[in-house]
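Both chains are sitting in their own frames, so use the hints and assemble them into the complex.
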Amino acid sequence: MSGPTGEFPGPTGEFPMGDEPLHELVQQELKAIIPFREKMNEAFEQFGGVTLMLWRTLARAVRPPFAPGEVAYQIEVLGVRSLSIATLTAVFAGLVISLQFAFFLARFGVQHTVGKVVVLTLFRELGPVLTALTVGARIGSGITAELGSMKVTEQIDAIRALGADPIKKLVVPRVLACMVVMPALTALADVMGLAAGSAVVRSEYEIPFEQFYRSVVETVGFRDFTSGIGKSMVFGLIIALVGCFKGFNVQGGTEGVGRATTETVAIASVAICLSDFFLTKLLMAL
Amino acid sequence: MTEPAPPDALIRFENLKKSFGPKRIYDGLNLSVQKGETLTVIGGSGTGKSVLLKCLIGLLSPDRGKVWFEGQDLAAFTDAQFQPVRKKVAMVFQGAALFDSLTVGENIAYPLYEHFPEMPVDELREKVAQKLALVNLPGIEAMRPSDLSGGMRKRVGLARAIAVDPEVILWDEPTTGLDPISTRIIDELILSMKRTLGCTSVVVTHDMESAFAVSDRIAMLANKRIVQVGTVDEMRQSKLPDVRAFFDARAGATRRA
Ligand SMILES: Nc1ncnc2c1ncn2[C@@H]1O[C@H](COP(=O)(O)OP(=O)(O)O)[C@@H](O)[C@H]1O
Ligand SMILES: [Mg+2]
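So the sequence lines, in the order shown, correspond to chains A and B.
Mind the numbering: the first sequence is residues 1 to 286 in this note's numbering, read in order.
Mind the numbering: the second sequence is residues 1 to 257 in this note's numbering, read in order.
Because the hints were derived from the structure by calculation, they are not lab data.
Each hint should be verified, as a subset may be incorrect.
Each computed EDC-like pair below joins lysine to aspartate or glutamate, with the alpha-carbon atoms no more than 20 Å apart [said to hold, decoys possible]: (1) B:194 to B:242; (2) B:194 to B:37; (3) A:116 to A:210; (4) B:87 to B:126; (5) B:23 to B:70; (6) B:87 to B:63; (7) B:88 to B:118; (8) A:168 to B:167; (9) B:127 to B:63; (10) A:169 to B:118; (11) B:194 to B:70; (12) A:168 to B:126; (13) B:87 to A:165; (14) B:194 to B:8; (15) A:168 to B:123; (16) A:169 to B:70; (17) A:169 to B:123; (18) A:116 to A:29; (19) B:17 to B:63; (20) A:116 to A:218; (21) B:224 to B:242; (22) A:168 to B:79; (23) A:116 to A:224; (24) A:169 to B:106; (25) B:88 to A:210; (26) A:39 to A:29; (27) B:88 to B:27; (28) B:87 to B:123; (29) B:87 to B:147; (30) B:88 to B:70; (31) A:168 to A:70; (32) B:194 to B:147; (33) A:169 to B:114.
Okay, chain B solo, but in the shape it has when bound (with noise of 0.2 Å):
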């Protein structure tokens, strides 16, 4: 428990092991996350991308091994102790996962609510308005989730993620399911993320498009492990078989569709 992280990885998850019941997720994971860097975890589904990020937010924790985050290890933090570890790290869900009894602006006031009970309620509008314009959806404050294109509700899952500044974005298949152009718009909301917040960004996907697009590095999940990390050229040589499988299966999807 006192073993320092090592001062380079913001992020760090180090032999982490995870099972459901009989079903082994992870067997030794090993993994680190660079400040300020556009990390991408790829896999199949079902190889537990989305459980990565839920081990890294407290919505899940791992049976064994480390979670390392500025220094300390979340791994056996418990709702309460990761309270202000929700301030800095802020996750977009697959879904969006907007309430859907809320409007849009409730929704964005929502983790500044809770994080800062104090705050005025003109200070929160502005804040609303002015996360709504990060994400080119200005002035929707007053509409229902519902009414919401799939596109949009990424996008406003976004707005509420970065509502309290955080430094670090876990993003959930942010471009599954979408059309191409919303595609795009997301694709160019993870680099700007990075270039005008100055945010670390973690994304799982299986869109290789958009892994290439806004990857500093990607990382490649199968067999239980992360089985390889590198920059967007250094994955594409790659020899080892499960990432070309990975690589080549997508490539011909991506030609057929």
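The shape of chain A in the complex, shown without the other chains (with noise of 0.2 Å):
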């Protein structure tokens, strides 16, 4: 403040331009980055190590020998016991959403449309959609913890030490089955939906079964069911990756397969919802 360039202060002015101030200006400002730096790395990290699994596992997918039985056993794990998980939330989800249209076409007179929506937002979104966070959360974290037990037991190590492939012997089939296992709960979902949408706008507001059905038929293309069919193939492909990924990494013994677990619901619901956002732009612009 005391030479006459003190109020228009310019690079070579009392501007504490390189001087201790702004230093450490600098400085904290950076500390409080940093954790946000971090978590960026670590994303960025994850992302790229789930890359690399998909990139190997696609790799070994192709190549003999093939193991369908391992594959079958996977989709009954997986797929079956998940059954009842995915057919309690697609009734629920159909007969909620079929609530919510109905009372929302009624404002306009036009509750007997309500067919329409629902099979629509059924078949393109809600089913996949949904499927794949309870289902993917119930078949993800059981991934991680089965492969997570078996890393801190020093049973993957063993398999690579007796000369065998782990990627091959335990990543593979669980891809595989979960993109089997997917759609086909997918489509279970949609159906179940459809039914339980059904029965509740014809109990609520009248509307008969030939009606509903009869919109449904009429609106709903083949595109729509395997937009749906084709997004909840990509989603069995995270989920499964995703599982596998954070159990080939747990570190920390038994504590670590329970925070590996956990991440895994996190980060697949995250790259699931991510991802279905991706997915319908590109299936709308095909």
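Here it is in structure tokens:
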């Protein structure tokens, strides 16, 4: 404040460029940013890790020997045991969206068209996404828990030491199984949701089954169904890969398995929601 | 890469360096193992004893240095290159690492199937039975790993390791957590692998009793390297403070126990 340039600080003026105060300021700013940056780095590392695992899985999936028995076993473990959870979710989702849409359309006096909206919402969006989120949480965390305990008890090391390939033995069958199971469960969810929806609007809004299903058939195209199924296949891939990746990278014993399991649910759910947007855009562009 | 291993050593770690992130485990570790001997590596927890075995069987690779085995440097080997090595070098894991989803018999058949996929089922079955007999557990093929005691799991782990008739057996803390009788049985098995099969053994342990019972030589891992190697008697008389501290503490612990 002593010199004439004091009020117009320039590079050579009293503006503390390169001086201690600014330096400290920058340091403080950096400190505040670092946790975020570390989180970002971690996220990128994990993304890289999952991508690498995808690549390795693909490379091994196409090369013999194949293990159809193991894939079938995983379909049973992951899929058949998820039937009830998938059905329950779909039924209640079908009930609630049908009620909401009928309520909404009744304001315009066109509640008889509710079947159109319900089927499109279910087939294109809610069927695949809800199934992936609920069943995915169960399947993904199950995979992480199983592979994570194999990791901490050195069973994955043992597979390698005994001359086999853990990706081929453990990841490939789970990924393939998930890519079969998710579309199948989604198709089931579509049907169950629709059935539940038609039942609830019949009892609440007196829309007969014939009318509901006529508007369904008039509206829905094969593409609406397949785009949902296609999405669910990608969700299955994501769930299995994240589950396997987190399981293979468990650190810190049994406690680490618990932590990894929770992280799988979080990561898989977020990844499903993010990828859903881009997949939807992509499928609409096709 | 062209420098040959010394002819007398079957295994030789040469100037090994290894870090996990900022944590340095080895800083210039050297150790040789002669053919047919039983060498025990002792050292505190977390000093990198298991990592040493894992470098030899390709589960981890050193950052620098060489891992000589039969004139080849394994340090930069890929998994595919390790395949023939894993027929000759087998590992008995600390917790046995049996596959919970398979029976005992299937566990032992696992490496046979991986290395000799053409082997007929009869021969496979015969081999499994033979290995189980070798570890004094005949006829338990159909049992599940979860039904076995700790000592039995270790022995099944050994049977699985020797299924492919390896030349070298790596033992990761074979007696840790076992009762005295099981410990005696395992010690006896380590000795008999050498006697009857002529195997070379590298044993990692901090059980001094066991080390004295089975070793031809003992190597002490401390300060990120091997500080001394010698026969049991030589090590007992060691003047090195690291070795002394370890031996005295262990002797005290054994007395108290
Ligand atoms: N795969 C790994 N990733 C990161 N750190 C590891 C890994 N394996 C071992 N370590 C670390 O290296 C050190 C030595 O491990 P280890 O060889 O298992 O010790 P010990 O002598 O008890 O067998 C430990 O501190 C351990 O945390
Ligand atoms: Mg260890």
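| Quick check: which numbered hints come out false for this structure? | 1, 5, 6, 8, 9, 12, 15, 16, 17, 18, 25, 27, 29, 32
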